[in-house]
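There are 2 protein chains.
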Amino acid sequence: VIPTGKDGCENVAVGEVVASERPRPGGRAARVVAAVHAATFELLEEVGYELLQLPQVAERADVNRTTVYRRWPTKAVLVADLLASLMQVNVPTPDTGTLQGDLEQLLTQVAAVLTSRSVRAVLRASMTVADDSPDVQRAQAAFWDERFARSGALIERAVARAELPAGTDPRTVLETAASPIYLRSLFTSETITPEYINQVAYRTTRAFGDQKLQH
Amino acid sequence: VIPTGKDGCENVAVGEVVASERPRPGGRAARVVAAVHAATFELLEEVGYELLQLPQVAERADVNRTTVYRRWPTKAVLVADLLASLMQVNVPTPDTGTLQGDLEQLLTQVAAVLTSRSVRAVLRASMTVADDSPDVQRAQAAFWDERFARSGALIERAVARAELPAGTDPRTVLETAASPIYLRSLFTSETITPEYINQVAYRTTRAFGDQKLQH
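Protein chains in written order, with our numbering: chain S, 1 to 215; chain V, 1001 to 1215.
Chain S on its own, in the form it takes in the complex:
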């Protein structure tokens, strides 16, 4: 039994994650993971990380408590696992032919993902967890490494097109491009317009590009 979210956005986000976690469709273990993740998403939104309790997750997911405790001994482990599952969502890496176009498409995707209440709830929980547990902090670092690595091809293609100097670190470019979107979406609540995304992409290109080749 996979509980559904309260609105369309949540269903999309949860659905994507659930789908990505089913390498062997129909397997019991995969069903348990999907149900527990979906239940955790919901409860993080409803009550937050501090109030979240594993027995409650088990009940909502319709999974045996013992099964839950065996795989996720603490809620910190569960949240780290949720982050890892978000990582598996297959967002296609843009390939528009220009760095500007690719970054615009990527940032539009990032902005869309960050509107999901589920994703926001997991990010919030992960801030809480990271403050307390070095293990989970490492798991999170791995999540972000993977997340950024997935879009690395976009930067490598820009290097191949000589839009960026050889040896440019993909992670740093992507982090620079994405971070203003995170700040606006999660903290300052400013609107993220296509115009803003266009400018962020342009500034990122200028910040890293070979200036001799610009203009």
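Just so you know, the hints here were simulated from the structure itself, not pulled from any lab data. Please note that the accuracy of each hint is not assured.
[To be verified] Ranges between beta-carbon positions, derived for each pair:
#1 Thr1191/V with Glu146/S: 15 to 25 angstroms
#2 Pro55/S with Ala1153/V: 53 to 63 angstroms
#3 Ala1030/V with Glu146/S: 48 to 58 angstroms
#4 Ala1162/V with Gly97/S: 28 to 38 angstroms
[Stated by the list, open to error] Residues from chain V shown here face chain S by an in silico Cβ test under 10 angstroms; the list is partial:
#5 Glu1050
#6 Leu1051
#7 Leu1052
#8 Arg1065
#9 Thr1067
#10 Leu1123
#11 Met1127
#12 Arg1138
#13 Asp1145
#14 Arg1150
#15 Leu1186
#16 Thr1205
#17 Arg1206
[Stated by the list, open to error] Where chain V lies over chain S, by a calculated footprint (3+ residues, C-beta under 8 angstroms):
#18 44–50
#19 115–125
#20 138–147
#21 170–182
#22 196–207
For every residue, glycine included, the Cβ atom is placed at its ideal position computed from N, Cα and C.
Once you have looked at the hints, place chain V on chain S.
Chain V in isolation, oriented as in the chain S frame:
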């Protein structure tokens, strides 16, 4: 009675905020605000936003419940007020003579502030609140406007020195410079080295600077 934090870092952060809120030292109203803010800081760290309850805040602050409810009818209002009080912390605006130097100093300050458990707790709470309440979202937007406006002089001086083109929007430059620091500090848990800060400042200067004047 102003409760103190659990370690040196917290005491510094709470102390700064408390001090800034005492335009009339010794006034009863100012003492109440200081005590309630300090208690809220502590409880946000200890139990988080979801578990925070106003009566608990009143007890910890040694302030009458009725007094608390009169000024802060909901915990969302209280968190918005805490954010506003953070805004009043007087961090001197750097004035090193170059945009690169000023940005490095500013980002070093930002990175230091973001290590405070109190500040992290308030930011986490504000993410929770903003998802629920448009009023508080507006209060937060005002907080960030003010926060960025305070460092605006730094950008204006760079424009005066012709390091940045006339008409450059100070807020956008500061947001671009600060956001990678927020991302690393709050989410990816990567170390923020002086070298990284140096590079972020350099890239920001390149992204906004007049390229004819560079190199």
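Hint-by-hint comparison with the structure:
1. Thr1191/V with Glu146/S: 15 to 25 angstroms: Holds: the Cβ-Cβ distance is about 19 angstroms, inside 15 to 25 angstroms.
2. Pro55/S with Ala1153/V: 53 to 63 angstroms: holds (54 angstroms)
3. Ala1030/V with Glu146/S: 48 to 58 angstroms: The hinted range 48 to 58 angstroms holds for Ala1030/V and Glu146/S, with Cβ atoms some 49 angstroms apart.
4. Ala1162/V with Gly97/S: 28 to 38 angstroms: The hint (28 to 38 angstroms, Cβ to Cβ) holds, given that Ala1162/V and Gly97/S are roughly 36 angstroms apart.
5. Glu1050: holds (4 angstroms)
6. Leu1051: holds (5 angstroms)
7. Leu1052: Holds. Min distance 9 angstroms.
8. Arg1065: violated (22 angstroms)
9. Thr1067: With a closest approach of 26 angstroms, the Thr1067/V hint is violated.
10. Leu1123: Nearest chain S Cβ about 7 angstroms off; hint holds.
11. Met1127: Nearest chain S Cβ about 5 angstroms off; hint holds.
12. Arg1138: holds (8 angstroms)
13. Asp1145: Asp1145/V check passes; min Cβ-Cβ to chain S is 9 angstroms, inside 10 angstroms.
14. Arg1150: Since the shortest Cβ distance to chain S is 14 angstroms, the answer is violated.
15. Leu1186: holds (6 angstroms)
16. Thr1205: holds (9 angstroms)
17. Arg1206: Hint holds; Arg1206/V Cβ to chain S Cβ min 5 angstroms, cut 10 angstroms.
18. 44–50: Since 4 is at least three, the answer is holds.
19. 115–125: Satisfied; 4 residues make the cut.
20. 138–147: That given contact holds, which follows from 3 residues of the stretch 138–147 of chain S lying within Cβ reach (below 8 angstroms) of chain V.
21. 170–182: holds (count 7)
22. 196–207: That given contact holds, which follows from 6 residues of the stretch 196–207 of chain S lying within Cβ reach (below 8 angstroms) of chain V.
Violated hints, listed in ascending order, are 8, 9 and 14; each of the other numbered hints is respected by the structure.
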